[in-house]
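Colleague: Sequence:
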Amino acid sequence: MIFSAEDPPLIFSELALHERLQKALDQQQFTQATPVQEATIPEVLKGKDLIVNAETGSGKTAAFLLPMLHHMQNNPAPRSSTRGLILVPTRELARQVLAECEKLAGFTWLKAGIITGGDDFRHQVNTLRKNPEILIATPGRLLEHMENSNTDFSDLEYLVLDEADRMLDFGFSPDMLKIADECREERQTLLFSATMKPKGMGELIRFVLTNPETITLSTARDKHENIHQQIMLSDDNPHKERLLSWLLKHETFDKALVFSNTRDNAEHLFNLLDRQGLQVGVLHGDMDHKHRKQIMNRFQDGQINILVATDVAARGLDIKGVQLVINFDMARSGDDYVHRIGRTGRAGEKGLAIALIGPNEWNLMSSIERYLKTRFEKRSIKELRGSWKGPKKVKASGKAAGSKKKKINKKDADKTKARHRVKKNIGKRRKPAEASGTAVDAGFEPLRRKKS
DNA sequence: AAAAAAC
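According to UniProt numbering, the first sequence is numbered sequentially starting from 1.
Among the hints, a few may not be true.
Unchecked claim - In silico DSS-like cross-links for lysine-lysine, where the CA-CA straight-line distance does not exceed 25 Å:
#1 Lys392 to Lys240
#2 Lys103 to Lys130
#3 Lys389 to Lys378
#4 Lys197 to Lys46
#5 Lys240 to Lys46
#6 Lys382 to Lys392
#7 Lys130 to Lys111
#8 Lys350 to Lys392
#9 Lys23 to Lys290
#10 Lys378 to Lys240
#11 Lys378 to Lys350
#12 Lys111 to Lys48
#13 Lys293 to Lys111
#14 Lys197 to Lys373
#15 Lys320 to Lys293
#16 Lys350 to Lys373
#17 Lys23 to Lys240
#18 Lys23 to Lys46
#19 Lys392 to Lys103
#20 Lys199 to Lys48
#21 Lys290 to Lys103
#22 Lys197 to Lys48
#23 Lys389 to Lys373
#24 Lys293 to Lys103
#25 Lys378 to Lys392
#26 Lys103 to Lys23
#27 Lys199 to Lys23
These aren't lab readings, by the way, just hints derived from the structure by calculation.
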């Protein structure tokens, strides 16, 4: 099923949600449902298993919270154990989902609890004893509680995987399978992401879901119309650092998010910008939980306006005022890139995303361009212009290619590349189907040669 | 090759 955002918007009251939920929506002045909410809420209420694809910042969280809360509010089950379990990939995202849940459920008696690493274990045992209807959790700590028999999912009605492709990838899938195995079989399972590719994970999905319906909202990764995307070619990291400082000092933004591919480099960039007197913080998985919380709070309420982070901050986080995203290192895949830049341009706002591209990131960048079916705008800063102008033009078939004057018509060049790519892909499709799984998952991988 | 998620 494919929905278009061009249909007239639906007013929340038409969904006939429970009056106490409607009251919370009114209070927060949410009058119109977003397209993903409009498409998903009725289907969840019908009891279907769903795979939902919708772009970053389109309102997916409320799309699963509202129908869950509505159903629970209309069907009280005071003696039931956990009724809804929501799994997310990071602690920060868990806190955010909890906050949204508490807001929407504010006029009901429904309760939500949070179970993540880093927080006090015994305190969480107490939370679980109170038996809230909804649990929001990261997999690792939840499994510990499960092993200690602190949980009971034998009555579970809803299992939700937020950032579902991430939750089912290699890093998380063993934990996910263990958790899903303990959940009541007659439950309803909902998968949400901006970059979900059901074909790439057939077996996992069959294990977790029953007769799922797929809902795909248009423009998941095709358009990103409200995010202006640019690249800057850079010689090396020192050059990138000069570009970074320049951008942070000359661009106008309320908040900026800078992505680095490693924790070490995130720390390094933080120190660099901090020494320059910028209001900056850093976030990565090697920091203790208290510090992580503190930095997030400070970024949220504007005490710092620049956050340097690893991919811990790439998915799901909804921080008001992030108008600039800088990829100091290019994202490792097209999907990672989509999630990173999706921290800006949320809920119809405008945003700017700039990737600094070093000589060894050229191939990565162009494979992401092909994956997104887009061409990034090249930008350079006069005062900081580097010497590297991109890769040397490679000749097509041994004919003269040395002359720099000879410019290839851009459209022709694109066509040539497209043909080349199609041929490669045809070759791949003829291979046995088992190869397709990993190839599709990685985002840009289909365009790369396999390592035999 | 590397981020995240457990203690």
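Colleague: Could you run down the list of hints and mark each one as holding or not?
Modeller: Structure-based check of each hint:
no.	hint	in the structure
1	Lys392 to Lys240	holds (20 Å)
2	Lys103 to Lys130	holds (20 Å)
3	Lys389 to Lys378	holds (11 Å)
4	Lys197 to Lys46	holds (24 Å)
5	Lys240 to Lys46	violated (52 Å)
6	Lys382 to Lys392	holds (22 Å)
7	Lys130 to Lys111	holds (9 Å)
8	Lys350 to Lys392	violated (35 Å)
9	Lys23 to Lys290	violated (34 Å)
10	Lys378 to Lys240	holds (15 Å)
11	Lys378 to Lys350	holds (19 Å)
12	Lys111 to Lys48	holds (24 Å)
13	Lys293 to Lys111	holds (22 Å)
14	Lys197 to Lys373	holds (17 Å)
15	Lys320 to Lys293	holds (17 Å)
16	Lys350 to Lys373	holds (20 Å)
17	Lys23 to Lys240	violated (49 Å)
18	Lys23 to Lys46	holds (23 Å)
19	Lys392 to Lys103	violated (55 Å)
20	Lys199 to Lys48	holds (19 Å)
21	Lys290 to Lys103	holds (24 Å)
22	Lys197 to Lys48	holds (19 Å)
23	Lys389 to Lys373	holds (23 Å)
24	Lys293 to Lys103	holds (20 Å)
25	Lys378 to Lys392	holds (16 Å)
26	Lys103 to Lys23	holds (11 Å)
27	Lys199 to Lys23	violated (40 Å)
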